[in-house]
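One letter stands for each residue in the lines below.
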Amino acid sequence: MTHWKPVYAVLEREVVRMFRQRTRLVSAMVRPLIWLFVIGAGFGTVLQEAGGLSYQHFLVPGVLGMTMLFGAMLAALTMVYDKESGVMRMLVMAPFAHYWIVIAKMLSAALAALLQAVLLVALLAMLRYVDSGTRFALLALALLMTSAACAGIGMLVAAFTRTLDNFAAIMNFVIFPVFFLSGSLYPVNRLPAALKSVALMNPYTYGVDLLKHSVLGALPSGMGADFAISTDVVVLAGFTGAALLIASWRFSRESAYEPMIRILSGKRDA
Amino acid sequence: MNPAPATSLAVNARGLVKRYGDVLAVDGLDLQIPAGQFFGLLGPNGSGKTSTIHMLATLIRPSGGSASVFEHDVMEDAVKTRASIGLVFQESALDRTLSVGENLRFAGLLYNLPVHVIEERSAGLLELFGLADKRHRPVGSLSGGMRRALDIVRGVIHHPRILFLDEPTIGLDLPNRRKIWRFIEDLRARTGMTVLLTTHYLEEADTCDKVAFIRNGKLVSSGTPKEMIARLGRYIVEIESSELETLAKQLAPSLGLCLRDGNVAQFRYADEDLTPIASLQSQYGTHIRALRWRRPNLNDVFLWIAEGKAG
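Residue numbers (this note's numbering), protein chains in the order written: chain A, 1 to 270; chain B, 1 to 311.
One side of the interface only, derived from the structure: several residues of chain B facing chain A at Cβ under 8 Å:
(1) L59
(2) S92
(3) Y111
(4) N112
Simulated pairs of lysine-lysine, BS3-like, Cα-Cα distance not exceeding 30 Å:
(5) B/K226 - B/K210
(6) B/K80 - A/K5
(7) B/K134 - B/K179
(8) B/K218 - B/K80
(9) B/K309 - B/K226
(10) B/K134 - A/K5
Honestly, the hints are just simulated from the structure, not real lab data. All residues carry an ideal CB built from backbone N, CA and C; glycine is no exception.
Could you build all of it, start to finish, from the sequences and the hints given here?
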C-alpha cells in the first residue's frame with residue numbers, strides 16, 4: 001500500500017519551513033559563495049591554472065555538492081530533532097508502517113537539497129560560473145542523484161543518532177570528512193593513495209564527479225571528472241537504495257524505537 | 001463517527017504485560033471498554049497508565065498478553081489499529097513553527113484525508129474548540145490552553161472511533177481545564193466517540209461512565225464513579241488530634257482502618273446516622289482537636305486505593 005498523501009504532507013512541511021527560515025536559506029547560498037570567492041580566489045593565487053581552468057571554476061561542482069550535502073544533512077537531521085518535538089508524535093500515530101516516515105523524510109531532505117542547489121545554479125549562472133558550456137540534462141541528473149545520496153547519508157546518521165546534543169560531533173565526524181574526502185576541492189586521482197582509497201569509498205565523491213561531468217566536462221589535464229558517468233550513476237543509485245533500506249530497517253526496530261516513545265511521553269519509568 | 005453496536009468492545013485487553021528490563025510496568029491487565037463509553041483509567045504515578053495507553057495505541061509492543069482496539073489486534077494489525085485511534089499525548093504533538101491551519105492540514109494529510117475534507121472538519125472543530133479566529137496564528141504564539149485544545153482537534157481530525165486522552169489537562173490552570181472538559185463533552189455529545197482518559201485530577205473523572213483504578217500495573221478496582229464512591233462509604237470522618245496514634249487504636253474497633261496525614265486521621269463511615277460520630281467529641285474531649293465529616297469523592301477512592309486499604 002502506498003501513502004503518497006502523507007509523503008506529500010512531509011515534503012510540503014519541509015518546503016514551507018525552508019522558505020520560512022530565511023537564515024537557513026540565506027546561509028545555504030552564502031556558504032558556497034564564500035568558498036568560491038574567498039577560498040577559491042585565495043588558493044587560486046597559489047595554484048597553477050591547469051588546462052585553462054581557474055581553481056575557482058574547478059570549485060563550482062564542489063560548492064554545488066556542498067550545498068546539497070549541507071542542505072540534505074540539516075533536513076535529514078530534523079528527524080532527530082523531530083523525535084524530541086511534537087511532529088514525530090503525529091507521524092508515529094499515523095496509520096502507515098513506520099518505514100514510510102523514513103521514505104518521506106529522505107525524500108524531503110533530498111527535495112530541500114535539490115531546491116537549494118537549483119537556487120545556487122541560478123545564482124552561479126548570473127555570476128557566469130555556470131555557462132552555456134554546461135550539459136544541462138546531465139546537470140539535472142547530477143543534482144537529483146547527489147541530492148538523493150546526500151539525503152541517504154543524512155538518514156543513515158539520523159537513524160543511528162539518538163539526540164542532537166552532539167551536532168558538533170556530526171559536523172566534525174560526518175559532514176566535514178565527507179566533504180573533504182571527496183573530489184570537491186581537488187581531483188581524486190591526484191590524492192595520495194591512502195586518501196584516495198577513502199575518497200573512493202565515499203558515495204558523495206561520485207555525486208561531485210557527476211557534477212564535474214556536467215559543469216566541467218572531461219578536461220585533458222586531469223582536472224575534470226575522475227570516473228565514468230555510468231560508474232557515478234551506479235554508485236549513487238546503489239548507495240541511495242542501500243541507505244534507504246538500512247535507515248528503514250533501523251527505524252522499524254523495536255529497540256531503537258521504544259526509548260523514543262518513552263521520551264515522547266515524558267515518562268522513563270512507566 | 002459511526003457508533004458501533006452497543007455490544008461491541010472498543011478495547012479488549014487480556015493479561016496485558018509490559019516489562020522494561022526488571023521493571024514490570026503493566027502486570028497482567030484485563031481491560032474491557034464497550035464502544036461509546038467514557039472510560040477513566042486512574043492510578044498513581046508510575047502505575048502503568050501511560051504504558052497501557054501506548055500499548056493500545058501500538059506505539060510500544062506488549063511483553064505479554066493480548067489487546068485489540070475495535071477488533072484490530074494491536075500487534076498483528078498495528079496500522080488498522082492506529083487508523084481507528086486518536087491520541088492526545090501528555091506533551092503537545094504539534095509543529096510550533098507552522099500555523100494552526102497548517103498543523104491540521106499536515107495531520108489530516110497523514111490520515112490520507114482529501115484537502116476539502118480537512119478544510120471542512122478544521123473549520124467545524126476549530127469553531128467547537130473556540131479557535132476559529134486563530135487559524136492563521138503560529139502554534140508557538142498560542143497560550144497553553146489553546147495549544148491543548150488544538151492538540152485535541154488534531155487528535156480527532158480523522159474522526160477516530162476511540163480517543164485516548166493521556167492527562168489531557170496536565171499543566172493547565174483551572175479555567176483552562178474546565179474549558180477543555182467542556183470541549184470534550186461537546187465532542188462526545190456530537191460524535192458518540194469512545195474516550196479513554198487518564199488523569200490525576202480525579203474530579204475530572206466524575207463524569208466518566210466507568211473508571212478503573214490501577215496500581216503497580218494491575219487493575220485494583222473498577223465501576224461507575226458513583227459505585228466506587230458508594231463502595232468506599234457514606235461519609236469520610238476526619239479527626240484531628242495531637243495523640244493520633246493512641247486515638248486511632250482506640251477507634252479502630254468501631255471505625256476500622258484509617259488514612260493518616262500529619263495530625264489528621266480519616267475514617268470511612270458506612271452509616272447514614274452520624275450520632276455516634278458526633279458523640280466522639282464529648283467522649284474524647286480535648287483529645288480531639290477537630291472533628292468533621294463530609295461525603296467521599298473520587299479523590300478519597302484514589303487515596304484509599306493508593307494506600308492499599310481499599311479495593
